[in-house]
Amino acid sequence: MQKRSGGTLRFALDNEPVMLDPGGMMTLSDFHVVFAMYDTLFAIDEQLIVQPNLAVSWEYLTDTCLHVRLRQGVTFHDGTPLTAEQVVWSLRHLQQESSEYRSQLAILERVETLDAHTLRFHLHAPYTPLLSQLAGGAGLVLSPELTEVETADGINLTVHQGTGPFRLLRKTSEAVELVRYDRYWDRDEDGTPLPYADALIMPWLATGTDMLQMLEAGHLSFINEIPYAKVPSLHSREDIRFLGIPSHGFNCARLNVNRPPFDQTALRQAVAWAVDREEMLASVNLGVGLVSHGPIPPASWAHDESFLPYRPDPERIRELLTEGGCPDGFSFTIQIPAAQMLKMINHMGDQLRRYGIDMTAEVVEFPQMLENLTSGNFQAIFLGVAGGTDPDDILYTNFHSNGSSNYLGYSNPQVDRLLEQSRRETEHGVRSRLYREAQRLIVEDSPCIFTRSGLSMICKRSDVHEITPHPDMAIRWKRIWIEEGVRA
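Here this note's numbering is used: position 232 in the sequence shown is 232, and no number is missing along the way.
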């Protein structure tokens, strides 16, 4: 089939994007918009192999010195040419204390510019995950120059210029709108300029049911939130195609280890023992996804399929409750971002109640919940983690004492040492062993109650092509195309 340029892609977000500066991204909605606006230094393919992108070649001169050549002819959305100086500025911007990528980039001692298109990265120590992380959020390149974008409330939104396939046009009260950047640097195998689509429109919808209905009505091109009960029937549809692969993300209840009751390790462990993950997957998720016992998901090369630490054990739970000073049980509040999660949370609550643990759900507006998370204003929060392509992306960032996304107050010197050592090792086997040992300690400490590893899913109309799910859950926007005659 001949690929065609043109048309508008419509994709639903599950929340309103709240931060379009790459350093502040905290949600998949932010992530999806930002990855259409900005390019990364490197790319990573479906086999998790690093590929050229804004960087066309690279070489390790020593184990702490990386030499990188940039692609020439790349421009930002204001027409300014991309140079090494702007890459250095981007990295410094993403190294700021407030950045979600601070802990990934802390390894950089300095980055020097040799000429307009050549950089040299000097590292404090050997750092194996660097290339894969520069193919993700830590490698997004933005200009120090700002542009104002129209919004619904009349207060213009200020964003950094990017080099990505689409530029931000406006943000309304219901959607983000982007348009094709006509001077984008990339082309397909036949020399056709990318991206194929003329525009992206991303509305935010409350539930997967809403998204599927809009897709079936022709108002969306594809979605990645699908009601579990609908998944089996989608496989036989001709007008809609469903694709799903195990993702590197997981669902979990995050526990604040600095506030009662979860400042007591034994009480955290009691909750972890009381949750029947297999029963939840079957009853709530209808078998869609995989049971998760820890922060290394089944799709990861470091996954340990023999690691099954918890199954409900009434005697052990009673021992832990007594050890934690609550022999008759205890109560706590868990914040959730949306009412549609109540079925899952209520199901978990029923399991906990059998052992005298009373969990109350509080639905909190998503922006407020993120603020509560970052400020420590919570006992427990149920919020998933979208994993990157290397185990370090999740483990160090979330569970190292200095991790930039460690909002739980969790700290274990043994875990820190293992994660630091795994960054220096180059052999997969050694790194896998170190990560598995770190996972064992994290799960034993129970700062999170891991429940399920989901699928990276795409449900698309049959006229939308070249979109496939990726383990990191990122959407590769520029090659998606729509058949002629059926474009929006």
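The hints are simulated quantities; they were obtained by calculation from the structure and are not laboratory data.
Warning: the hint list may mix true and false statements.
[As the list claims (entries may be wrong)] Simulated DEER-style distance windows between Cβ atoms:
no., residue 1, residue 2, range
1, Pro-413, Glu-189, 50 to 56 Å
2, Glu-371, Thr-322, 34 to 40 Å
3, Ala-338, Gly-218, 24 to 30 Å
4, Asn-377, Glu-46, 36 to 42 Å
5, Asp-313, Thr-426, 38 to 44 Å
No residue lacks a Cβ here, since even glycine has one placed at the ideal position from N, Cα and C.
Check the following: the C-beta atoms of Asn-377 and Glu-46 are separated by a distance inside 36 to 42 Å.
-> holds (40 Å)
Starting from the hint 34 to 40 Å, judge whether the C-beta atoms of Glu-371 and Thr-322 obey it.
-> holds (36 Å)
Given a hinted range of 24 to 30 Å, is it respected by the beta-carbon distance of Ala-338 and Gly-218?
-> Check passed, 25 Å falls within 24 to 30 Å.
Cβ-Cβ distance between Pro-413 and Glu-189: within 50 to 56 Å?
-> Given range 50 to 56 Å: holds, Cβ gap about 51 Å.
If you check the beta carbons of Asp-313 and Thr-426, does the distance land in 38 to 44 Å?
-> holds (40 Å)
Figure legend: structure checked against the earlier numbered hints; every hint is met.
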